[in-house]
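Single-letter residue listing:
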Amino acid sequence: GAGVSQSPSNKVTEKGKDVELRCDPISGHTALYWYRQRLGQGLEFLIYFQGNSAPDKSGLPSDRFSAERTGESVSTLTIQRTQQEDSAVYLCASSLGSRRYLGTQYFGPGTRLLVL
Amino acid sequence: DQQVKQNSPSLSVQEGRISILNCDYTNSMFDYFLWYKKYPAEGPTFLISISSIKDKNEDGRFTVFLNKSAKHLSLHIVPSQPGDSAVYFCAAKTQGGSEKLVFGKGTKLTVNP
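Here the protein sequences come in this chain order: G and R. Quick note on my numbering: the first sequence kicks off at 1 and runs consecutively. Quick note on my numbering: the second sequence kicks off at 117 and runs consecutively.
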């Protein structure tokens, strides 16, 4: 039973470059979430996918951020034209996501992004 | 505007004693609360949760208390063990809608042998 996996584990990029972060959720989990944690801060919600429903994008900080999910599997978070303030740990989580089940979210280890 | 607040950035206790981590919230629409534990370089792991219809939930050494009138919850760990040393995050969900969690900034617990 593999947990949530994320890649890469670390990413260093130059300001202005695009980056793509990947998340593999737990098999069978229909809900997938992206959060980020900046230094000294709590986790900040970015986006939520649930099955075939329209994603909740309310946490995306700007239009430079986008995410996709193919069915109930892999998700990618893309940050275009990265800025130094994008430096953070990007965490992915998945859950069973049933409406009747409050769905404990299981987190991956995160991708540490550093924008120089 | 922080909806979930953990006002103590750090807490240090002796092994065997009780650890009490506190969390306050401002959004009265929150109806489910969770505690996560996070070790360095790892993702948060779920610890314990409580629904707003309850005021206490216990799981082994961990107990969460909810005071809805004060919009306050606390996590008690007894007895504390050195392996409990980690950052603890309080999180909350709102009724209906998205399943997104709103997190506090975390409290770093150190349990000294």
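Be aware that one or more of the hints could be misleading.
[To be verified] Computed cross-link-like contacts, SDA-like style, restricted to lysine to any residue with a CA-CA straight-line distance of at most 25 Å:
(1) R:221 with G:27
(2) R:216 with G:16
(3) R:216 with G:69
(4) R:224 with G:109
(5) R:172 with R:210
(6) R:121 with R:229
(7) G:11 with G:53
(8) R:221 with G:114
(9) R:216 with G:15
(10) R:184 with R:132
(11) R:216 with G:13
(12) R:216 with G:74
(13) R:184 with G:104
(14) R:216 with R:133
(15) G:57 with R:173
(16) G:57 with R:144
(17) R:224 with R:173
(18) R:184 with G:44
(19) G:57 with R:117
(20) R:187 with G:27
[Unchecked claim] Not the full set, but computed from the structure, chain R residues with beta-carbon under 7 Å of chain G:
(21) 147
(22) 156
(23) 184
(24) 222
(25) 224
Don't read these hints as lab results, they were simulated from the structure. Even glycine gets a Cβ: it sits at the ideal position worked out from N, Cα and C.
Now the hints, each set against the structure:
{"no.": "1", "hint": "R:221 with G:27", "result": "30 Å, violated"}
{"no.": "2", "hint": "R:216 with G:16", "result": "29 Å, violated"}
{"no.": "3", "hint": "R:216 with G:69", "result": "17 Å, holds"}
{"no.": "4", "hint": "R:224 with G:109", "result": "18 Å, holds"}
{"no.": "5", "hint": "R:172 with R:210", "result": "19 Å, holds"}
{"no.": "6", "hint": "R:121 with R:229", "result": "29 Å, violated"}
{"no.": "7", "hint": "G:11 with G:53", "result": "31 Å, violated"}
{"no.": "8", "hint": "R:221 with G:114", "result": "20 Å, holds"}
{"no.": "9", "hint": "R:216 with G:15", "result": "29 Å, violated"}
{"no.": "10", "hint": "R:184 with R:132", "result": "29 Å, violated"}
{"no.": "11", "hint": "R:216 with G:13", "result": "28 Å, violated"}
{"no.": "12", "hint": "R:216 with G:74", "result": "19 Å, holds"}
{"no.": "13", "hint": "R:184 with G:104", "result": "22 Å, holds"}
{"no.": "14", "hint": "R:216 with R:133", "result": "34 Å, violated"}
{"no.": "15", "hint": "G:57 with R:173", "result": "32 Å, violated"}
{"no.": "16", "hint": "G:57 with R:144", "result": "23 Å, holds"}
{"no.": "17", "hint": "R:224 with R:173", "result": "22 Å, holds"}
{"no.": "18", "hint": "R:184 with G:44", "result": "24 Å, holds"}
{"no.": "19", "hint": "G:57 with R:117", "result": "19 Å, holds"}
{"no.": "20", "hint": "R:187 with G:27", "result": "36 Å, violated"}
{"no.": "21", "hint": "147", "result": "9 Å, violated"}
{"no.": "22", "hint": "156", "result": "11 Å, violated"}
{"no.": "23", "hint": "184", "result": "17 Å, violated"}
{"no.": "24", "hint": "222", "result": "6 Å, holds"}
{"no.": "25", "hint": "224", "result": "11 Å, violated"}
The structure fails hints 1, 2, 6, 7, 9, 10, 11, 14, 15, 20, 21, 22, 23, 25 (numbered hints given earlier, in ascending order).
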